[in-house]
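In case you want the letters, here they are:
There are 2 protein chains.
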Amino acid sequence: MAIINENYLKLPGSYLFAEIARRVTKFKQDHPAASVIRLGIGDVTKPLPPAIISALHTAVDEMADAATFHGYGPEQGYEFLTSKILENDYAARGITLENDEIFVSDGSKSDVGNIQEIFGINNIVAITDPVYPVYLDTNVMAGRTGELKDGMFENVTYLPCNAENKFTPALPDHKVDLIYLCSPNNPTGTTLSKAELKKWVDYARDNSAVILYDAAYEAYIREDDVPHSIYEIEGAKEVAIEFRSFSKNAGFTGTRCAFTIVPKTVLGKKANGEQFPLNTLWNRRHTTKFNGTPYIVQQGAAAVYTPAGQQQIKAIVDYYMANAQIIREGLASAGIEAFGGVNAPYIWLKTPKGLSSWSFFDKLLNDVHIVGTPGTGFGPSGEGYFRLTAFGNRENTEEAVHRIKTRLSL
Amino acid sequence: MAIINENYLKLPGSYLFAEIARRVTKFKQDHPAASVIRLGIGDVTKPLPPAIISALHTAVDEMADAATFHGYGPEQGYEFLTSKILENDYAARGITLENDEIFVSDGSKSDVGNIQEIFGINNIVAITDPVYPVYLDTNVMAGRTGELKDGMFENVTYLPCNAENKFTPALPDHKVDLIYLCSPNNPTGTTLSKAELKKWVDYARDNSAVILYDAAYEAYIREDDVPHSIYEIEGAKEVAIEFRSFSKNAGFTGTRCAFTIVPKTVLGKKANGEQFPLNTLWNRRHTTKFNGTPYIVQQGAAAVYTPAGQQQIKAIVDYYMANAQIIREGLASAGIEAFGGVNAPYIWLKTPKGLSSWSFFDKLLNDVHIVGTPGTGFGPSGEGYFRLTAFGNRENTEEAVHRIKTRLSL
Numbered sequence: 001m002a003i004i005n006e007n008y009l010k011l012p013g014s015y016l017f018a019e020i021a022r023r024v025t026k027f028k029q030d031h032p033a034a035s036v037i038r039l040g041i042g043d044v045t046k047p048l049p050p051a052i053i054s055a056l057h058t059a060v061d062e063m064a065d066a067a068t069f070h071g072y073g074p075e076q077g078y079e080f081l082t083s084k085i086l087e088n089d090y091a092a093r094g095i096t097l098e099n100d101e102i103f104v105s106d107g108s109k110s111d112v113g114n115i116q117e118i119f120g121i122n123n124i125v126a127i128t129d130p131v132y133p134v135y136l137d138t139n140v141m142a143g144r145t146g147e148l149k150d151g152m153f154e155n156v157t158y159l160p161c162n163a164e165n166k167f168t169p170a171l172p173d174h175k176v177d178l179i180y181l182c183s184p185n186n187p188t189g190t191t192l193s194k195a196e197l198k199k200w201v202d203y204a205r206d207n208s209a210v211i212l213y214d215a216a217y218e219a220y221i222r223e224d225d226v227p228h229s230i231y232e233i234e235g236a237k238e239v240a241i242e243f244r245s246f247s248k249n250a251g252f253t254g255t256r257c258a259f260t261i262v263p264k265t266v267l268g269k270k271a272n273g274e275q276f277p278l279n280t281l282w283n284r285r286h287t288t289k290f291n292g293t294p295y296i297v298q299q300g301a302a303a304v305y306t307p308a309g310q311q312q313i314k315a316i317v318d319y320y321m322a323n324a325q326i327i328r329e330g331l332a333s334a335g336i337e338a339f340g341g342v343n344a345p346y347i348w349l350k351t352p353k354g355l356s357s358w359s360f361f362d363k364l365l366n367d368v369h370i371v372g373t374p375g376t377g378f379g380p381s382g383e384g385y386f387r388l389t390a391f392g393n394r395e396n397t398e399e400a401v402h403r404i405k406t407r408l409s410l
Numbered sequence: 001m002a003i004i005n006e007n008y009l010k011l012p013g014s015y016l017f018a019e020i021a022r023r024v025t026k027f028k029q030d031h032p033a034a035s036v037i038r039l040g041i042g043d044v045t046k047p048l049p050p051a052i053i054s055a056l057h058t059a060v061d062e063m064a065d066a067a068t069f070h071g072y073g074p075e076q077g078y079e080f081l082t083s084k085i086l087e088n089d090y091a092a093r094g095i096t097l098e099n100d101e102i103f104v105s106d107g108s109k110s111d112v113g114n115i116q117e118i119f120g121i122n123n124i125v126a127i128t129d130p131v132y133p134v135y136l137d138t139n140v141m142a143g144r145t146g147e148l149k150d151g152m153f154e155n156v157t158y159l160p161c162n163a164e165n166k167f168t169p170a171l172p173d174h175k176v177d178l179i180y181l182c183s184p185n186n187p188t189g190t191t192l193s194k195a196e197l198k199k200w201v202d203y204a205r206d207n208s209a210v211i212l213y214d215a216a217y218e219a220y221i222r223e224d225d226v227p228h229s230i231y232e233i234e235g236a237k238e239v240a241i242e243f244r245s246f247s248k249n250a251g252f253t254g255t256r257c258a259f260t261i262v263p264k265t266v267l268g269k270k271a272n273g274e275q276f277p278l279n280t281l282w283n284r285r286h287t288t289k290f291n292g293t294p295y296i297v298q299q300g301a302a303a304v305y306t307p308a309g310q311q312q313i314k315a316i317v318d319y320y321m322a323n324a325q326i327i328r329e330g331l332a333s334a335g336i337e338a339f340g341g342v343n344a345p346y347i348w349l350k351t352p353k354g355l356s357s358w359s360f361f362d363k364l365l366n367d368v369h370i371v372g373t374p375g376t377g378f379g380p381s382g383e384g385y386f387r388l389t390a391f392g393n394r395e396n397t398e399e400a401v402h403r404i405k406t407r408l409s410l
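As they're listed, the protein sequences go chains A and B.
Numbered per UniProt numbering, the first sequence spans residues 1 to 410.
Numbered per UniProt numbering, the second sequence spans residues 1 to 410.
I should point out that these hints are in silico values taken from the structure, not numbers from a laboratory.
Computed from a predicted structure; not experimentally measured.
Just so you know, not all the hints are guaranteed correct.
You can't tell identical chains apart in this list, so a pair holds if it fits in one copy or across any two.
Said to hold, decoys possible - Listed below are the simulated DMTMM-like cross-link pairs for lysine to aspartate or glutamate, each with C-alpha atoms no more than 25 Å apart in a straight line: (1) Lys314 <-> Glu62; (2) Lys46 <-> Glu164; (3) Lys270 <-> Glu117; (4) Lys194 <-> Asp206; (5) Lys46 <-> Asp65.
Full structure from sequences and hints, please.
Have a look at this one:
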């Protein structure tokens, strides 16, 4: 008889965004005339810029002609894209990587979800709290955790990030093996400074741990002291895997392209202590369970690195960051304490008057018809916080802030 | 210390197509003037047809305008595509499925590789032999097998398919839990008749097993008695998951789109015997580790179902199948016994004079400069067989057959 993977059943059934959708639907039924503004889900709204559109059309035309048609490509991505990534995202920052240390994929969600497969089942996983749920859920599904108790999974090391510690997680007080870090952070919008990240790299080196570093929001960094890549930190090439995406810098959420860096110098160990390169394992996984990102999409991604592409995506990121500033300043003038939004498109506010995350969700929806994301959906340390995103259009963002300042009863 | 997943190390290091590439490269160095014809890897060569190209361009233009831009879509695929699939591929054959029983993906390789995750680690896996390596390798990586011994992994049930049993695998003589079947078959090009497939469905029902049915080559079926979907077989909706792809019917090997059917009536069991729907588990996996197929690509796939799209992809499949006939007839007139190629783009030949698969590979390359795929690369029962594919162009296919008939010394 076919037995199911019962680890899946440890996951709570109701998913954050499904519950949000349920409450919004009910509100709209009860208030059909209300104009609801969504500052909840982290999806972009600006269209793909002209340089990328043009590259996509050219690639589509290539697919129409046998002489230029592309069938199966290298699972790891075409060299025309990986060479651009290495040159622009890494060499330009003094980071030397080889072509076979980069793996192009269909998205960071897949990559950060799949990476845990190359590790044994008994590693101790550390996550920051609150956290992007995929890191945790995929480890639960793999059986690397115990049961959910009081909002936390057994055998997982939660690293609380809150206003009290300035969203800077403390090093664990025990040995952990796999450490998920995300900077600029989803959901808090805060970042790790170079000095803070150095502490983690040193910890990983001292403890033979591996850092899984999600830098999907790198393009939003404005301050000098925030590293764009973990490989800016000395020693990181021996302990860190880095995830990057075209979703948020170039609007690829519905176009799907990302990449993962696995330096050949990052080693895991066999049970007998013998060292083994993680690059070899990830290459095996990637080539066995994935057949490459669409040729057309990779050409679109390569156009991101043209001078026109760079200029155009910068304009989009600037647009979202101006939204972020409007939200931050609006919240401040409404007397609501907020974090993030300086190097990230997310604003993480402290709910006023000690309201729970979901109570504030309901209040914001009912009072001013704005949808955000309850912090508790990202983990127990998110309770009492709330996420707003800067991905809306300017008009809606300004209107939302106006409503919060003038009509939210606190 | 981060411990690696040591199951990966059970896999043999050298991969089939890498070894082929190595030998071909060496041959070309030694014989720079030789005109090598590749009938090896199963990749298509015809460009995407006009109806699909047109849909891709339209979708690219939509991505250029905020009013029609698409960000994150439903992970399971857009309804504009799933409704077409249900109507054309299933309802037209009398098969009723619901929209939430279909999961659009980036390719069948991903789907057949990932499906094993929703099952427990102790299930007994049965594969036909020879087999598409992904079924087996992904179970090895998950730890569902023992070590490789004499070319076979321990704890796996191999079901030999050869000329003696007419490539019709016998039912196992012991209980198995997960059964991978592929029809039309890669690599043998043979098919299961409705009566044969019924035996497997009945076996699965009697033994609470699940059939993982790969129908990627469905479009190549020419004979009436060969089922296009396993759900044509009575009772299959209770025991079978079906994989379909746009790679081989519509030339999407480099464009990437496929889908998987998980009927809500297919159940697995918990260790305590309680039944649980696999649809729920696969939905959880798909939404947690995947973020949808590109909007542009899904619009391209939807165009496959327009009248023009249907006519154009049929012309391409007919073209490849004419190649298959040329290869079949050419081998016959050269006195080489061959199978498949009637309902599939693959021809599986018996190596003459008892040559090993690799010896025949070398002979074919050296004598007539043709590259094929050694059968032994697909499993131990592939020894003494050899795969040729019909995906080349007509001129090369005719030239290859001419060389085999006139210059191959047997």
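How the hints compare with the structure:
Proximity of Lys314 to Glu62 under the C-alpha cut-off of 25 Å is restricted to the inter-copy arrangement: shortest distance 21 Å between copies versus 28 Å within a copy. Within a single copy, Lys46 and Glu164 get their C-alpha atoms no closer than 35 Å, and across copies no closer than 61 Å, so neither meets the 25 Å cut-off. When the C-alpha separation of Lys270 and Glu117 is checked against a cutoff of 25 Å, the pair qualifies both within a copy, at 14 Å, and between copies, at 23 Å. Taking the closest pair of Cα atoms, Lys194 and Asp206 come within 25 Å of each other only inside a single copy of the chain (18 Å); across copies the shortest separation is 61 Å, beyond that limit.
Taking identical chains as interchangeable, the C-alpha atoms of Lys46 and Asp65 lie at most 25 Å apart only when they sit on different chains, with a minimum of 8 Å there against 32 Å within one chain.
Checked against the numbered hints above, the structure breaks only hint 2 and satisfies the rest.
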